[in-house]
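J.: Using the sequences and the accompanying hints, generate a full structural model.
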Amino acid sequence: MALVKHNNNSISDLTSAGQLAQGKMTLISSQTASGSASIEFTSGIDSTYPIYRFEWINIHPSASGQDFQFNMSTDSGSNYNVTKTTTYFTAHHNESGSYSNLAYASGEDLAQSTGNQTLQYYTHTDNDNSCSGFMYLYNPSSTTFVKHFMSNSNASVVDGVPYSNNSFSAGYGNTTSSIDAVKFVMSSGNIDSGTIKLYGIKGD
Amino acid sequence: MALLFANNNSLSEITELPSGISGGALNLISTQTASASASLEFSLDDSYDSYIFKFYNIHPATNSVQLTFNLSTDGGSNYNVTKTSTFFRAYHNEDDAGAGLTYDTSGDLAQSTGYQWLTRISSSDNDHASSGYLHLYNPSSTTFVKHFIARFGETHHLDRAHDIFVAGYGNTSSPITNIKFQFSSGNIDDGIIKMYGVS
Numbered sequence: 001m002a003l004v005k006h007n008n009n010s011i012s013d014l015t016s017a018g019q020l021a022q023g024k025m026t027l028i029s030s031q032t033a034s035g036s037a038s039i040e041f042t043s044g045i046d047s048t049y050p051i052y053r054f055e056w057i058n059i060h061p062s063a064s065g066q067d068f069q070f071n072m073s074t075d076s077g078s079n080y081n082v083t084k085t086t087t088y089f090t091a092h093h094n095e096s097g098s099y100s101n102l103a104y105a106s107g108e109d110l111a112q113s114t115g116n117q118t119l120q121y122y123t124h125t126d127n128d129n130s131c132s133g134f135m136y137l138y139n140p141s142s143t144t145f146v147k148h149f150m151s152n153s154n155a156s157v158v159d160g161v162p163y164s165n166n167s168f169s170a171g172y173g174n175t176t177s178s179i180d181a182v183k184f185v186m187s188s189g190n191i192d193s194g195t196i197k198l199y200g201i202k203g204d
Numbered sequence: 001m002a003l004l005f006a007n008n009n010s011l012s013e014i015t016e017l018p019s020g021i022s023g024g025a026l027n028l029i030s031t032q033t034a035s036a037s038a039s040l041e042f043s044l045d046d047s048y049d050s051y052i053f054k055f056y057n058i059h060p061a062t063n064s065v066q067l068t069f070n071l072s073t074d075g076g077s078n079y080n081v082t083k084t085s086t087f088f089r090a091y092h093n094e095d096d097a098g099a100g101l102t103y104d105t106s107g108d109l110a111q112s113t114g115y116q117w118l119t120r121i122s123s124s125d126n127d128h129a130s131s132g133y134l135h136l137y138n139p140s141s142t143t144f145v146k147h148f149i150a151r152f153g154e155t156h157h158l159d160r161a162h163d164i165f166v167a168g169y170g171n172t173s174s175p176i177t178n179i180k181f182q183f184s185s186g187n188i189d190d191g192i193i194k195m196y197g198v199s
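Line by line, the protein sequences give chains E and Z. When you line the first sequence up against my numbering, it's residues 1 to 204, in that order. When you line the second sequence up against my numbering, it's residues 1 to 199, in that order.
In case anyone wonders, no lab produced these hints; they're calculated from the structure. Predicted, not measured: the structure shown is a model, and the values here were computed from it. Misleading hints may appear alongside valid ones.
[Stated by the list, open to error] Some chain E residues well away from chain Z (every beta-carbon gap over 10 Å; in silico):
#	residue
1	N101
2	D109
3	N165
4	T176
5	K183
6	N190
[Said to hold, decoys possible] Computed spacing ranges between beta-carbons, pair by pair:
#	chain 1	residue 1	chain 2	residue 2	range
7	E	H148	Z	G98	25 to 33 Å
8	E	S141	Z	T105	38 to 46 Å
9	Z	N63	E	A37	49 to 57 Å
10	Z	N63	E	Y99	50 to 58 Å
11	E	S30	Z	G153	28 to 36 Å
12	E	T42	Z	N63	34 to 42 Å
13	Z	D95	E	V161	40 to 48 Å
From the three backbone atoms N, C-alpha and C, an ideal C-beta is built for every residue, glycine too.
T.: Structure representation (structure tokens):
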């Protein structure tokens with residue numbers, strides 16, 4: 001075994017932390033959209049972690065009025081068609097202060113549908129508009145349980161009076177097959193720009 | 001350079017992990033502990049494309065006040081970024097007399113430079129406090145407005161559990177350089193705020 005030497009108060013040449021404590025959240029991969037039809041994570045979703053977290057940062061659509069959505073695959077991304085039952089609700093408040101609400105959005109939920117699930121309703125293309133948020137996917141490699149997910153995303157939307165939209169989606173992929181890929185798309189058009197990161201989260 | 005010795009199978013005085021070892025994606029940048037503090041302020045830069053603030057047992061000196069925050073684009077000289085936001089909450093009284101889910105127009109902002117509420121009516125009872133998180137996205141962007149998402153658990157002054165959801169955006173394409181937390185009145189008597197960069 002080669003000697004490992006102290007190097008300016010760091011430890012060089014080590015490649016494993018052994019029993020040293022590491023962070024509980026680990027970046028697995030990051031993808032940046034550039035006029036992309038979709039962003040797919042076809043590797044890194046397996047039994048390594050019990051929880052996976054996706055972060056999207058400044059997702060900007062190419063077409064106005066489109067929803068930012070996701071779907072899951074059980075065959076490494078050949079098909080994104082997992083059956084899902086979900087909920088979706090939002091809070092709105094416009095920049096003039098003339099309108100605010102908190103409401104369930106039945107047009108954005110799914111009932112045993114293989115279609116894409118909306119994470120952020122009605123994004124717009126104004127230069128400074130985008131949405132940012134996160135989604136947890138629980139135990140995707142389980143062969144016993146359905147696959148729960150929870151998300152929260154905020155968008156700035158210019159459509160008439162501009163407004164802030166805080167969106168919450170949750171539900172489950174109704175399958176006992178392992179989820180091994182996730183795809184993000186706009187309901188129509190491309191993801192013009194933005195970054196999506198995949199993290200693994202360890203249990204205690 | 002002083003010699004460094006293994007200490008009970010640990011290594012003392014080591015300040016940096018080798019590049020081959022991940023320290024995790026949640027990087028603690030700073031921790032501030034309030035002690036009758038008028039406010040707690042943090043500096044931001046472009047090191048990370050999102051930041052998470054975690055709040056532990058934030059306790060006000062004054063009863064019936066809101067924990068709030070504001071943003072600065074000039075190094076903390078002024079905290080006055082224009083914001084539009086939403087605010088809603090679930091609540092349940094200790095005596096079971098009231099419970100519900102409601103949008104709260106008193107906590108939202110419409111193109112206001114004022115401070116954004118993170119809690120609703122925080123109590124100064126000895127065992128009351130608020131805890132939660134605030135996620136701030138891409139504060140150094142020169143293109144996009146600055147999204148934030150927060151969730152807090154609060155012990156209300158009427159002995160009520162509050163689950164509070166706040167989100168919105170700083171309506172500026174200027175980089176956010178600083179963030180400040182304070183109560184709507186009185187000091188932050190006690191509590192800890194930690195700032196993490198998400199890599």
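J.: If a hint holds in the structure, say so; if it does not, say that too.
T.: Hint check results:
1. N101: violated (6 Å)
2. D109: holds (17 Å)
3. N165: violated (8 Å)
4. T176: Given that every Cβ of chain Z is farther than 10 Å from that of T176/E, nearest at about 30 Å, it holds.
5. K183: Non-interface label stands for K183/E: nearest chain Z Cβ at 22 Å, farther than 10 Å.
6. N190: holds (17 Å)
7. H148/E <-> G98/Z: 25 to 33 Å: holds (30 Å)
8. S141/E <-> T105/Z: 38 to 46 Å: holds (44 Å)
9. N63/Z <-> A37/E: 49 to 57 Å: holds (55 Å)
10. N63/Z <-> Y99/E: 50 to 58 Å: violated (33 Å)
11. S30/E <-> G153/Z: 28 to 36 Å: Holds - the Cβ-Cβ distance for S30/E and G153/Z, about 31 Å, lies within 28 to 36 Å.
12. T42/E <-> N63/Z: 34 to 42 Å: Violated, since T42/E and N63/Z (Cβ atoms, about 54 Å apart) do not stay within the stated range.
13. D95/Z <-> V161/E: 40 to 48 Å: Distance hint for D95/Z, V161/E holds at roughly 41 Å.
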